[in-house]
Every structure is written in structure tokens, then in C-alpha cells.
Amino acid sequence: MKVPRCKGTRDLLPQDMAKFRRIEAEFRNCCLGWGYQEIRTPILEYLHLFTSAGTLSPDMLGRVYSFLDWDGWSGERVVLRPDGTIPAARLYVENFQNLPIAKLFYVENMFAFEGTGKESRERWQCGAELIGGSKPEGDVELLSLALEAIARLGIDPVEIRLAHAGLLRTFLEGLGLSGEQEAEVLDQIFSGNVDVLVDIKGGNPELEKQLQLLFGMKGSSPGFVENLRSVCAPLLPALEPSLNELARIASLLTGLGFGYGIDFTSGRGFEYYTGIIFGFYSSGRRLGGGGRYDELIPLVGGGSVCASGFALYVDELMDLVKETPRRERILVKAKGAEGLRDSLEVAWLLRGAGYIAEFDLGYKETSDFRWIVVMRGGEGIELIDQLSGKKRRKSSPAELLRFLEEAGCK
Amino acid sequence: MQVRLALPIGQLQDSTAALLKEAGFAIGDYREGSRSYRPRCEAFPGLFTKVFHEKDIAIQVAIGNYDVGICRLDWVEELLAKYHSDAVVKVGALGYGKRSLYAVAASSSEAKSLEAIRSRSESLRIVSEYPNLAESFALKQRLRRFQIFPAWGAAGVYPPENAELAIVAETSSNRLREQGLVPVATILESSACLVANRNSLEGKDLSQLLAALSRADVGDIDVEEAGGGGAAAGAQRSAIGEPVVSLALPDGHQQPHTVDFLNRAGLKIDGYNVGRPTARPRIGVDGVTVKVIRPQDMPLQVANGNFDLAITGRDWLRDHRFRFPSSPVEELLQLGFGKVRIVAVVTQDMSVSSTDDLRKLKRDSVLRVASEYVNIADKYAHDNHLTPCKIVPTWGASEAFLPEDADVLIENTETGSTIAEHNLKIIDTLFESSACLIGNTEAMGRLDKREKISHLVEAMRRGIEAHPHS
Chain A
0 MKVPRCKGTR
10 DLLPQDMAKF
20 RRIEAEFRNC
30 CLGWGYQEIR
40 TPILEYLHLF
50 TSAGTLSPDM
60 LGRVYSFLDW
70 DGWSGERVVL
80 RPDGTIPAAR
90 LYVENFQNLP
100 IAKLFYVENM
110 FAFEGTGKES
120 RERWQCGAEL
130 IGGSKPEGDV
140 ELLSLALEAI
150 ARLGIDPVEI
160 RLAHAGLLRT
170 FLEGLGLSGE
180 QEAEVLDQIF
190 SGNVDVLVDI
200 KGGNPELEKQ
210 LQLLFGMKGS
220 SPGFVENLRS
230 VCAPLLPALE
240 PSLNELARIA
250 SLLTGLGFGY
260 GIDFTSGRGF
270 EYYTGIIFGF
280 YSSGRRLGGG
290 GRYDELIPLV
300 GGGSVCASGF
310 ALYVDELMDL
320 VKETPRRERI
330 LVKAKGAEGL
340 RDSLEVAWLL
350 RGAGYIAEFD
360 LGYKETSDFR
370 WIVVMRGGEG
380 IELIDQLSGK
390 KRRKSSPAEL
400 LRFLEEAGCK
Chain B
0 MQVRLALPIG
10 QLQDSTAALL
20 KEAGFAIGDY
30 REGSRSYRPR
40 CEAFPGLFTK
50 VFHEKDIAIQ
60 VAIGNYDVGI
70 CRLDWVEELL
80 AKYHSDAVVK
90 VGALGYGKRS
100 LYAVAASSSE
110 AKSLEAIRSR
120 SESLRIVSEY
130 PNLAESFALK
140 QRLRRFQIFP
150 AWGAAGVYPP
160 ENAELAIVAE
170 TSSNRLREQG
180 LVPVATILES
190 SACLVANRNS
200 LEGKDLSQLL
210 AALSRADVGD
220 IDVEEAGGGG
230 AAAGAQRSAI
240 GEPVVSLALP
250 DGHQQPHTVD
260 FLNRAGLKID
270 GYNVGRPTAR
280 PRIGVDGVTV
290 KVIRPQDMPL
300 QVANGNFDLA
310 ITGRDWLRDH
320 RFRFPSSPVE
330 ELLQLGFGKV
340 RIVAVVTQDM
350 SVSSTDDLRK
360 LKRDSVLRVA
370 SEYVNIADKY
380 AHDNHLTPCK
390 IVPTWGASEA
400 FLPEDADVLI
410 ENTETGSTIA
420 EHNLKIIDTL
430 FESSACLIGN
440 TEAMGRLDKR
450 EKISHLVEAM
460 RRGIEAHPHS
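Top line first, the protein sequences correspond to chains A and B.
For the first sequence, the tail end lands on 409 under numbering that gives the first Met the number 0, and the numbers increase by one without skipping.
For the second sequence, the tail end lands on 469 under numbering that gives the first Met the number 0, and the numbers increase by one without skipping.
Read the hints as simulated data drawn from the structure, not as lab findings.
Any given hint could turn out to be false.
As the list claims (entries may be wrong) - Restricting the straight-line Cα-Cα distance to at most 30 Å, the calculated cross-link-like pairs of lysine-lysine (DSS-like) are:
{"#": "1", "chain 1": "B", "residue 1": "LYS378", "chain 2": "A", "residue 2": "LYS1"}
{"#": "2", "chain 1": "A", "residue 1": "LYS117", "chain 2": "A", "residue 2": "LYS321"}
{"#": "3", "chain 1": "B", "residue 1": "LYS111", "chain 2": "A", "residue 2": "LYS6"}
{"#": "4", "chain 1": "A", "residue 1": "LYS6", "chain 2": "B", "residue 2": "LYS389"}
{"#": "5", "chain 1": "A", "residue 1": "LYS1", "chain 2": "B", "residue 2": "LYS81"}
{"#": "6", "chain 1": "B", "residue 1": "LYS203", "chain 2": "B", "residue 2": "LYS389"}
{"#": "7", "chain 1": "B", "residue 1": "LYS81", "chain 2": "A", "residue 2": "LYS6"}
{"#": "8", "chain 1": "B", "residue 1": "LYS361", "chain 2": "A", "residue 2": "LYS1"}
{"#": "9", "chain 1": "B", "residue 1": "LYS203", "chain 2": "A", "residue 2": "LYS200"}
{"#": "10", "chain 1": "B", "residue 1": "LYS203", "chain 2": "A", "residue 2": "LYS117"}
{"#": "11", "chain 1": "A", "residue 1": "LYS117", "chain 2": "B", "residue 2": "LYS89"}
{"#": "12", "chain 1": "A", "residue 1": "LYS6", "chain 2": "B", "residue 2": "LYS378"}
{"#": "13", "chain 1": "A", "residue 1": "LYS6", "chain 2": "B", "residue 2": "LYS359"}
{"#": "14", "chain 1": "A", "residue 1": "LYS6", "chain 2": "B", "residue 2": "LYS451"}
{"#": "15", "chain 1": "A", "residue 1": "LYS117", "chain 2": "B", "residue 2": "LYS139"}
{"#": "16", "chain 1": "A", "residue 1": "LYS6", "chain 2": "B", "residue 2": "LYS89"}
{"#": "17", "chain 1": "B", "residue 1": "LYS359", "chain 2": "A", "residue 2": "LYS1"}
{"#": "18", "chain 1": "B", "residue 1": "LYS111", "chain 2": "B", "residue 2": "LYS81"}
To be verified - Here are the computed distance ranges between Cβ atoms for each label pair:
{"#": "19", "chain 1": "A", "residue 1": "ILE42", "chain 2": "B", "residue 2": "ALA184", "range": "28 to 36 Å"}
{"#": "20", "chain 1": "A", "residue 1": "ARG9", "chain 2": "B", "residue 2": "GLU177", "range": "50 to 58 Å"}
{"#": "21", "chain 1": "A", "residue 1": "TYR64", "chain 2": "B", "residue 2": "ASN383", "range": "24 to 32 Å"}
{"#": "22", "chain 1": "B", "residue 1": "GLY63", "chain 2": "A", "residue 2": "GLY353", "range": "53 to 61 Å"}
{"#": "23", "chain 1": "A", "residue 1": "GLY153", "chain 2": "B", "residue 2": "GLU114", "range": "34 to 42 Å"}
{"#": "24", "chain 1": "B", "residue 1": "GLU177", "chain 2": "A", "residue 2": "TRP69", "range": "39 to 47 Å"}
{"#": "25", "chain 1": "B", "residue 1": "SER433", "chain 2": "A", "residue 2": "GLN187", "range": "52 to 60 Å"}
{"#": "26", "chain 1": "A", "residue 1": "PHE112", "chain 2": "B", "residue 2": "SER433", "range": "55 to 63 Å"}
Even for Gly, the Cβ is constructed at its ideal location relative to N, Cα and C.
Isolated chain A (complex conformation) (with noise of 0.2 Å):
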């Protein structure tokens, strides 16, 4: 009976390993760059390190993969790690405390359930988190290196949204919601179901209509800003801080000379956000979002630390990105017991140089290959050209290099 894959799981083959692999290289570089330090947290750990208010809304916990494990008697459930910043979050509060500021990327895979089993349930994910400032210099940092890694990917154009997850909550409070009507709300539109503001009815009709307002537009400068502030503080003067947090980054952005779309839509992420949201779009995909979470490491068991990370969405990524220009494979063939062992030389050498060297075990097309080197023993080295058909032959490996080096095979 033939096994099948399990369903909503995915096999990554020769060419999207090397896709992957691209993107992981690209992002390891960006932030070792950056001055960025690489973690990974393991793949398992406590139902109750997501269960802490704020952390992860219930719609993302229904659908963790939880259960017992062999020491489970307790009721203790563990998980496959369903997102990355809260483990980070976790690890930094162990190991990092001390420091003022810990600067952490990972590549991870998450888990999460999907109904149909047509999408993977395994989603692998390029993190980077700034632990411990709280200035919107730090969001802009995060944002840049972000923009970096997809520009090196050759992945163009990339578009910026923006939202604020403090606004949001400002604004709901004002509405009068009950704590229980404004997590449902919130639930919705973290998840990206921003319908559910149009059935919104509150206390305060005024501020019902500037919500409406502040979802019907899309700001791309920091004037916006100047003019949602100047139409909605004085209903609600508790919004000043999120407003100024959304100023300062929009004309630090401006400055720097990155275009973006102020868009509440957008404002699509996690229940641990309390400032900024940021999404990258490109071809009409998601390719990744962060935003700041300075409530986070206090609920984690850390102290008061602010914070603020982002994830790029490999999977998306893979999909936009090009494979990494192969490198030349040259097939060695010997001939004889001698020309084995020198056959084996050859290739040292030539992986040595960086080229791909297989050799000849019998069953591979010879028309896979450009160049074919036959080792004869003693007799010297046959280099075959099979773009040419032309045969040569050279005295020595140091040769044939020169030879294929100027042949621009590199």
C-alpha cells in the first residue's frame, strides 16, 4: 500500500531547497550585517507560554497543535510552536535580561491548523527581533533591514503599509465597547477581517463615523497623519501618543526615502502588538509584517522591556524568488585502476575551485554536463567540450583549471 504525505504538509524538492536556502543565506547576511545575532528556540514548548492574555488570540490557539506529551500526566500541554516572537521572547528573558538591548534573528518553521489540508501547516519564517528599545528608530531599523533582505532576494517592487495597533485600541475604548465585544473586534481584525468594524455600534456615535473615516483612507505622508490628529484628538485626546509614535516613523520613512500606504486595513498581525504595524507586499501577496509589542516581555516573565520584530514569510517568498545561478558540474570519468585514483584528485581539486564534480557511476545522462574530464591513468587529462564537441587534452589539473577558468566557466 502506497503511504501517502500527510495531509497539509509539503516536500521541498531539489529546486525549492535551493530557492529556500537563497532566502535563508540572504537573510542571515542582512542581519549578521546588522549586527543581529541568530537564534532558535526549540520546536516544542508549553501551551501556557501562548495562553497568557495578549499573546495569541483564541482563533490562533484553536488551532495549535497541542497535546500530551509522555510526561503529560499533569494536564500540561506542550506545542508545536506556532509563532516565532513569543519563543524569542521567552529565550531572551532567560539569557538576555542583562543586556540593554539584545538584537536576535532565526529562521524557524511554525505550525498552525488549516481546515482544507491544501495549504502547509508547517510555515517557515526569516525573524528578527529588537529587544529593548523603545524608540521609533528601532521600527525603522527593523523596517530597513526588512526592505534589504527583499532587495537582495531581487524581489521589486516591495510596497510599505502601515497601521497602528495602539490607535486602534485607543479608538475602540473610546466606542465603549465591553472588554470582552472590543477582544472579539480586535480578534477580527488582527486575523485581517476588518468588515466587522462596519457592524461596530458602540456609545459614541461620533467617533463611530472618524473610525469609519480612518478605515475609507489610505495616508501616504506624514501630512496624513497632521490631519487624522487634527480631526480626531480632540474627540479622544488619549490618541496623542499613538499619533506622534505614527508621525515620528512616517517622516523618519520620508526622509529616508521609502514610499508607504497608511492603511488601518492593514493591520493585520498579532494581539501582542501595541504600536506600530508594518506589512511588504509585492504582486499582490503578504510577504511579511512585524510591529512593536512592548507589553510582551512583562508578560512573558521578563521586565518592563519594550520591543518590536518582524517576520518575512518564506514560503511567500520562494514563490517570487529566482533559483541561485547553478554552479558549472564537470562529470569525471576514469578509466582503469589508475585512472580512478587520479580521477579522484581531479575532482578534489576541481570542487576545490568550486565547481560541482560528479563522477561517472554509470547511469547518469553524459548530456546533463558541458564538460566531461576523463582520467586515463598516466596518460594525462581528456577535457571534452560537449557544447563544442571539441577534445583536448592537458597536462595537468593545474591546466585544466586555467584552461576552464579562461573558458569563463565560473
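Could you slot chain B onto chain A? The hints should help.
Positioned in the frame of chain A, the structure of chain B alone reads:
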């Protein structure tokens, strides 16, 4: 075309029989206490009916083994809380078997409101026959840290000592109060309902049955409710600071034997009489409290420290240890009574006579192994390389699953007569089981408990010696 209908055993049985009769589908031999698992409807030979525990019905309809089923809504929601499937369609309520699912706390407890429960900083223990609904309740309430203890029954007995909350089904909040419980939240209103498989509804003509059942109207037929005796019924709360050893005693089949045994051991226990035991009988030993719970739940409850000692079956201890190999539960005494064999069973028509034959059997589908002992069944299948295979958990009336809804059954038997009665045969004996005393290894090492525990163990040892051949 055959229509397959799954009917409930137990409390809903008489009302459901009346409903079917009124709808013109009178089914002979379907009444409370009947031993027939496949009652026939003479008027409609094309109707195949089978009797299941209510909890199994929603599952059987969801996986498509049955087109239509009758069970209470709470069991349907319990399934859907974990498995977000659209395979079960709730066709309509049938108007009887009404009850509500409550989250309850003990009336003596300090945390009796949702706010008080949410603001707890320690882990909250929730016990329930509805573990999926319990988990979704905990997530919705944003409980920061919680533990769910799935139970086979008697969940209302656990608060306040052994759990902060229980999720229980009850006909009214007054009945909860009689048991010393207070509702903290109503999770859902339930009653008997008609459920159908989506594919069957979309592709099969079930109209005659559905129309007749939807039209018929019956009220509740009085049935004696099981349970009772929750937290108030003689709650034994010792003075704060006094070390207490807690002992769990079984209800159900094991109870009469246990009563005899405890008498022989000279342990006098009030309120643990044959018939209906109270939830908290009193034992004449200072500093020892007793509760009556299901033997199936005992190993887990002893492991997590809710009880120090318990009288259960070795079958349930083994099932627990297969799931949690390093569990801090150990067998202290073999009590000798309640002897059963745990056996692998197939239908008489299957041409196998051993597990070896079963492995060699040519099959083009997955082997379905049904059992109340999920972990024992799982290990049996692994150890014997029965592959591919899936385990079908059951909640009683397991013989009914063969042959239509499972291929093999792992079941306990005393004499083998019930198995033979249902046209089944035993192909393997996995092990023999009997009652045993189990204890929590950590509790036994505690200075404040050690002496009382050994007093009880010694008394029980004398009970065994007084009657070694029981």
C-alpha cells in the same frame, strides 16, 4: 438503498424509542436494558440500526459510518470543538433530553465567578467528560494557565479538592446546587438532536426518515439520573495544615467486590454501600478522605497527585502507563478480585484464529481496532506489526462495533459469554487483570503522609490474607 441509523443507549433510549414509534419506525427490542445492538425495524427492512454510547454517535456519523444519528447536542459540540469538520449536520432538536453544560465550582470555593477564575495566577484544573469543550472554554476565557483532566464520569465530585472547575451536563442549576456545586458559566443548552452525515444528506434519499422524525413529538420519559452527590454531599475538608491522605474508590462493576474486600480488611466506610454510593463516603481512619470516582480515571488522578491511593484495575493502570511511561504511579497490592482477561476479539466470520493470522491477512483497507483501552490497543497493534491500522476509541457497548465499524476489538471479559453471544470470537489474550491498589510514589515518600498510607496498605494486605483465593 440501505439507510443507516445510529441510536443512543442509556438515558435517551426510552424517549427515542417512543419518538421512533410515533414516527412510524417502531423498532423492536430497542428499549433500556435490552442487550441487542442491532434492533430491527420490521416496517422498513432497508433501515439498518445500531445502538451506541451517545458520545460515539456524533463520531460515527461524522466519519460516514452512519447516515443519521440521534444523540445530545453536547456530544456533537464536543466533537466539533476539536475537529472543525463540516461532516456532521445538525438537522434539528428533538425536544427531549434537555440539559445544559455548565462550568461549575464547589459552593465552598472562593473563586465562583468568571472574573475570580480569570484572575487566578496559579494553574486552573478543569475536569470533564468533555475535554475538548473544556479546552475551548479555557481558551475563550483567556485563562493564562490551565490543566484539563479528561474523565470518564463523576466530574462533579472533583471540586474543590481535586479541581477548581468541572464541566458537567445537568438538567438544571438547582440540581447542581443540591450537589454542592455552583454554575460559573453556562457553556451550552443541549437536548436530543438529529444529526446527519453531510455526504449522505447531499447524495442519498433520507427524506422519509428525516421527515417522520422531525414531525414526531415526544416529551421526556422519566429516567433515573445517574450521579448525584457532588461537592456538598458530605464534603470532608480537613482543617488547614492537617496532612490528609486521599483514597479513591471505584463505582460501577467493581464496587460490590470492593465493599466486601474493605470489610475483610477491617476498613469501615460509611456511605459506600452497594447500590448508590455517596460521592464522599466516610472512612473511620483519622486524616484519610475518600471519594468515589470512575476506575478508568484513577491512574491519571493518582499520577497528578489529586489522590494518594486508589483501588482500580490493572488494565487501567497498564493503559495509563503505556501512555505515560514515567508516570509516578505504582501498584502497591494485587487485591485478587475482579478478575478479567483482556482479549483481542474478531467476528466469527473472519477467517483468523490468532493475532499472527491477523497480521498475515491480505487486506486492501486500514485495519480498525476498537477499544476503550486506547493505549493498550495502540501498543497491541504496534507490537504485532498490524499495519496500516487505526485505533477507534469507544465509550462502552464496544461489542456493537464489530464487524461493520471495526475489525478487531480489545475488550475485557470474565467468562467470554458476552463475546460469544454477539457472534464474536477471541483470538488472543493480551494479559489478565484484576483489582489493585495503586499509589503516588511521591506521596508515599512524604513524611506527613507516609505513616497513614502504610496504615491503609497494611490493613488491605491483611484483607487479602484473610481471603487469599477471592
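Results for each hint:
1. With a CA separation close to 23 Å, the supplied pair LYS378 (chain B) and LYS1 (chain A) stays within the 30 Å bound.
2. Distance restraint check for LYS117 (chain A) and LYS321 (chain A): the Cα-Cα separation of roughly 24 Å lies within the 30 Å cut-off, and the hinted pair is therefore satisfied.
3. Annotation: proposed proximity of LYS111 (chain B) to LYS6 (chain A) is violated, straight-line Cα distance about 43 Å (limit 30 Å).
4. Pair hint LYS6 (chain A) plus LYS389 (chain B) holds up; C-alpha atoms about 16 Å apart against a cutoff of 30 Å.
5. For the hint linking LYS1 (chain A) to LYS81 (chain B), the alpha-carbon distance of about 29 Å falls within 30 Å, and the restraint holds.
6. Proposed proximity of LYS203 (chain B) and LYS389 (chain B) is supported: the alpha carbons are some 27 Å apart, at most 30 Å.
7. Simply put, LYS81 (chain B) and LYS6 (chain A) have alpha-carbon atoms about 17 Å apart, close enough for the 30 Å limit, and the pair holds.
8. For the hint pairing LYS361 (chain B) with LYS1 (chain A), the CA-to-CA distance comes to about 15 Å; that is within 30 Å, so the pair holds.
9. Between LYS203 (chain B) and LYS200 (chain A), the direct Cα distance comes to roughly 44 Å. Violation of the 30 Å bound is thereby established for this hinted pair.
10. The suggested pairing of LYS203 (chain B) with LYS117 (chain A) holds, with an alpha-carbon distance near 27 Å, which does not exceed 30 Å.
11. Restraint check: the Cα-Cα separation between LYS117 (chain A) and LYS89 (chain B) comes to about 26 Å, which is no more than 30 Å; the hinted pair holds.
12. For the proposed pair LYS6 (chain A) and LYS378 (chain B), the alpha carbon gap of about 24 Å is at most 30 Å, so the pair holds.
13. Among the hinted pairs, LYS6 (chain A) with LYS359 (chain B) is consistent with the structure: their alpha-carbon atoms are about 28 Å apart, no more than 30 Å.
14. Taking the CA atoms of LYS6 (chain A) and LYS451 (chain B), the gap is near 53 Å; set against the 30 Å cutoff, the hint is violated.
15. With a C-alpha separation of about 27 Å, the suggested pair LYS117 (chain A) and LYS139 (chain B) falls inside the 30 Å cut-off, and the hint holds.
16. Taken as a hint, the LYS6 (chain A) and LYS89 (chain B) pair is honoured in the structure, with Cα atoms around 26 Å apart against an allowance of 30 Å.
17. Proposed proximity of LYS359 (chain B) and LYS1 (chain A) is supported: the alpha carbons are some 18 Å apart, at most 30 Å.
18. Simply put, LYS111 (chain B) and LYS81 (chain B) have alpha-carbon atoms about 27 Å apart, close enough for the 30 Å limit, and the pair holds.
19. Against the hinted window of 28 to 36 Å, the Cβ-Cβ separation of ILE42 (chain A) and ALA184 (chain B) comes to about 34 Å, which satisfies the hint.
20. Our hint of 50 to 58 Å for ARG9 (chain A) and GLU177 (chain B) holds, since their Cβ atoms are close to 55 Å apart.
21. A hinted range of 24 to 32 Å for the beta carbons of TYR64 (chain A) and ASN383 (chain B) is consistent with their spacing of about 29 Å.
22. Against the hinted window of 53 to 61 Å, the Cβ-Cβ separation of GLY63 (chain B) and GLY353 (chain A) comes to about 58 Å, which satisfies the hint.
23. Our hint of 34 to 42 Å for GLY153 (chain A) and GLU114 (chain B) is violated, since their Cβ atoms are close to 54 Å apart.
24. For the pair GLU177 (chain B) and TRP69 (chain A), the supplied restraint of 39 to 47 Å holds, since their beta-carbon distance comes to about 41 Å.
25. Checked against the hint of 52 to 60 Å, the C-beta distance between SER433 (chain B) and GLN187 (chain A) comes to roughly 56 Å, which is consistent with it.
26. Our hint of 55 to 63 Å for PHE112 (chain A) and SER433 (chain B) is violated, since their Cβ atoms are close to 42 Å apart.
The structure does not agree with the numbered hints 3, 9, 14, 23, 26 stated previously, though it agrees with the rest.
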